[in-house]
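Asks: Given the coordinates of chain C, assemble chain H onto it according to the supplied hints.
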Amino acid sequence: MKNIYELKPAHVTKVIKENSITNTFNFKLKNQNEFKFLAGQFMMIGVPGFGECPISISSNPKDSTRHFSLTIRSVGELSGKLNSLKVGDNVLVRGPFGNGFPEVTKNLILIGGGCGFIPLRSVFEENRNRKDIKLQVLVGCATQDSLVFKREYLKIKNKHDFGLILEHETMPGFARQKGFVTDLIKKKKLLKDAQIFVCGPEVMYKFVAKELLAKKVDPANMFFSLEKRMHCGVGVCQHCAIGTKYVCKDGPVFSYDFLKLSKYL
Amino acid sequence: MKQPEINKFLAKLLGQGLVYAPVRKGPVVLVEQVDSIDRIDWSGDIPITTFKSVFLPPKEVLFDNNKAEFADKIKKFAWGMNVLDLQAFSLFEQVFEKDIYYQKRRQNIFIIGFTNGIEDDFRKYKVFHQKYEENVLEHLIFDVFIERQKNGNMIVFSGSEKGQQLLEQNGIKDYENIEFAGLVPEQGINPIITRNRQAVELGRDNPIWDELAEICLACGKCSIHCPTCFCFDEKDQAEFDSVKKVRQWGSCFYPEFSKTAGGNKDLDSVKKKLYFWYEHKFVRIPDEFSYYGCVSCMRCFKVCPVEINIAKNLQALNK
Numbered sequence: 001m002k003n004i005y006e007l008k009p010a011h012v013t014k015v016i017k018e019n020s021i022t023n024t025f026n027f028k029l030k031n032q033n034e035f036k037f038l039a040g041q042f043m044m045i046g047v048p049g050f051g052e053c054p055i056s057i058s059s060n061p062k063d064s065t066r067h068f069s070l071t072i073r074s075v076g077e078l079s080g081k082l083n084s085l086k087v088g089d090n091v092l093v094r095g096p097f098g099n100g101f102p103e104v105t106k107n108l109i110l111i112g113g114g115c116g117f118i119p120l121r122s123v124f125e126e127n128r129n130r131k132d133i134k135l136q137v138l139v140g141c142a143t144q145d146s147l148v149f150k151r152e153y154l155k156i157k158n159k160h161d162f163g164l165i166l167e168h169e170t171m172p173g174f175a176r177q178k179g180f181v182t183d184l185i186k187k188k189k190l191l192k193d194a195q196i197f198v199c200g201p202e203v204m205y206k207f208v209a210k211e212l213l214a215k216k217v218d219p220a221n222m223f224f225s226l227e228k229r230m231h232c233g234v235g236v237c238q239h240c241a242i243g244t245k246y247v248c249k250d251g252p253v254f255s256y257d258f259l260k261l262s263k264y265l
Numbered sequence: 266m267k268q269p270e271i272n273k274f275l276a277k278l279l280g281q282g283l284v285y286a287p288v289r290k291g292p293v294v295l296v297e298q299v300d301s302i303d304r305i306d307w308s309g310d311i312p313i314t315t316f317k318s319v320f321l322p323p324k325e326v327l328f329d330n331n332k333a334e335f336a337d338k339i340k341k342f343a344w345g346m347n348v349l350d351l352q353a354f355s356l357f358e359q360v361f362e363k364d365i366y367y368q369k370r371r372q373n374i375f376i377i378g379f380t381n382g383i384e385d386d387f388r389k390y391k392v393f394h395q396k397y398e399e400n401v402l403e404h405l406i407f408d409v410f411i412e413r414q415k416n417g418n419m420i421v422f423s424g425s426e427k428g429q430q431l432l433e434q435n436g437i438k439d440y441e442n443i444e445f446a447g448l449v450p451e452q453g454i455n456p457i458i459t460r461n462r463q464a465v466e467l468g469r470d471n472p473i474w475d476e477l478a479e480i481c482l483a484c485g486k487c488s489i490h491c492p493t494c495f496c497f498d499e500k501d502q503a504e505f506d507s508v509k510k511v512r513q514w515g516s517c518f519y520p521e522f523s524k525t526a527g528g529n530k531d532l533d534s535v536k537k538k539l540y541f542w543y544e545h546k547f548v549r550i551p552d553e554f555s556y557y558g559c560v561s562c563m564r565c566f567k568v569c570p571v572e573i574n575i576a577k578n579l580q581a582l583n584k
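Protein chains in written order, with our numbering: chain C, 1 to 265; chain H, 266 to 584.
Chain H on its own, in the form it takes in the complex:
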């Protein structure tokens, strides 16, 4: 299959719902809602922003005394998610497995992955937590995946029944089914996850946290841009004719995060906040889901005003 056929498919999707895709803006790539094919970036570069707002909006209403239901029924396409973002998405699928708001929205979202050639991507991403595996797609959750080979050929995969139907209904017959083999490969949890878990848990007293706390501004940009950060706050919002319970993205770097009734705060220093963030990604998530809490996309480093580098910190903790 060649690019024009993929473009045709994409054009059809644009007429069926909202399409979110990577878009180049100057030196960076961002994820945005697009209304034409021309705006879409095919470079395979990791966008600075993430797709997470598609499945977990920055703010959503959970309860409204005036309305009975809140299903987000708009059909959405997350187009061009790279392998690392699909890993982050796969984590969300586990975290929000029992969350009715997430699940109802998810029914109308199609996940469409894209790569310029998996092996190349993995080198470019300077992955510190994993090696390229040929069967990477078998262990990811997605509906459709498109691989562009070096000769320009496009190979299409379906990862779910929903994906198959989408392809068939939109005239793509030449695709390969990928049988989902579970998020954790047969040989068990990736030993690098286990190694990093130990490094962070045992590294609680490492001087690195003091060094980082010296420069970290606790601005929370890392957590907002992180594709695996899913912390949220629930708040009541009273308006003149209704009371709503809303859920919105939270960040463990923000002052309110751990404050209790008496005014006490567990995370009362930047050092504690930093450790809490790493502990969530490298200890709690692997413990709960046997899965990556960090997909090494390096967005946190790219957006950090003081250039805190998660890969270097992990290396230092692993020494």
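One chain only, chain C, in its complex shape:
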């Protein structure tokens, strides 16, 4: 019988500093060449003695046989410990878990708040070179200092429709006015006939959904990635249950309709 809780060692192959409290780590498993994941899925990562937590994968699923990346912000004991990892260090991981984002079949709008762009980066990377669809990326964050993937924004901006807004400051060339990502949605001309993937602090979802509906976006095209407390990762322990579903097993990506039905939006 397979042990669903089996932890596998993974070692750090690269560390990229995102901001003062966030790093992106590339990890390699022993059998990395057999590893596969979907954009939007997450890993359970742990350091013995510090516990385990879910972290979204931020790298391109097409690179899965070479490595997977986790972008981690220090917010507690475990994430603080993880952020001290150096190349060659080992951690224990399980996964990937969850259902990921739906397949991208039309134009794509990615809306990220705070460090919410982390799982969206995986979707972006997977679809960035497609000729059959257009991409639009909208990012809202508190300050320049708290941005993740900052170095990539210029590249995105040069090829795709990109909008950035900061709550507390402006940023030359990127964000001319202060505000929230909802202000950006209001201002921007959204891509027509597009799937919209949203990730950020959950408090923002209600407002994002409202703005999108005001822009006559079809709710069937709206998907949100949730963050919840998780322990088992396989839909048993109940910590991440919302309504009739589990964020770890049935999510973390949910449709607008389900979240509306569960009184979540």
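It should be emphasised that the hints constitute simulated quantities derived from the structure, not laboratory data. Where hints are given, some of them may not hold.
The calculated label-pair distances, taken between Cβ atoms and stated as ranges, are [stated by the list, open to error]:
#1 C:Lys8 with H:Phe566: 41 to 49 Å
#2 H:Lys530 with C:Val15: 25 to 33 Å
#3 C:Ser84 with H:Gln463: 50 to 58 Å
Quick reminder that beta carbons are idealized off the backbone N, C-alpha and C, glycines included.
Replies: Below, chain H alone, put in the same frame as chain C:
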């Protein structure tokens, strides 16, 4: 078969492993590990505590950097489980179907049910979710089941190959095999499960949750005593020479349950906790397993410091 023969069987089991059974302590019956037949309660009263700690210990080690394996190899007998507790156990068998720690432990556990007469029991239990069915044993998971009839006769049933072997090896030849017919009867999911599911799902905005939240202390006694509550927490425990990953019983009434990294909590009010508990039992479990999430044993009511009555609440939601 008469009581002395059953006692003889039980005495043999006491020499083969740990026996957990109902024991009377003053006005209540508790489930405890026993070392003699005399302590066992035969009244058929529902114990206040449950058998769940036998199959899912309140705390267990899943991983230890110093040890390779954690199979609990001690032979255990869960003696005298009533029909409702067997239903709760049958749910656990589904929930932990793919859990290697549960399954390895389960290999060494024998489930031995007992009743004083099924029909009587069902009346006494004030069942609100089901009616007595003659074929109740066909839809339960157990190894051995003993029925004491009104005239004192004991009828023995086996519910598994493991149960048959146990009976044969311990000198009981007069028993009847029950062919397991699946947890869900042929006619499909019990309509009362479906009705309660709807009542709870559609009753999210019912004023009853505000009324209950007014009096509920969120102490979590209901979830600890509930035979179907299986929520757990996983934690790392560092000791001076080892690091262990432990799994322990959790409760959705406890403050840490839904807390995320930023300090946000989904279940930030007693009202939300109460609804979450009911939603798990009456909506999520039926959805996942087409089975009872509540077996109407009423332990939660009996241990509740403010006497919250699940049967009455269900009635109110069903109105």
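Asks: Each hint should be assessed against the structure and marked as holding or not.
Replies: Consistency of the hints with the structure:
no.: 1; hint: C:Lys8 with H:Phe566: 41 to 49 Å; verdict: holds, 45 Å
no.: 2; hint: H:Lys530 with C:Val15: 25 to 33 Å; verdict: holds, 32 Å
no.: 3; hint: C:Ser84 with H:Gln463: 50 to 58 Å; verdict: holds, 51 Å
Taken one by one, the earlier hints all hold for this structure without exception.
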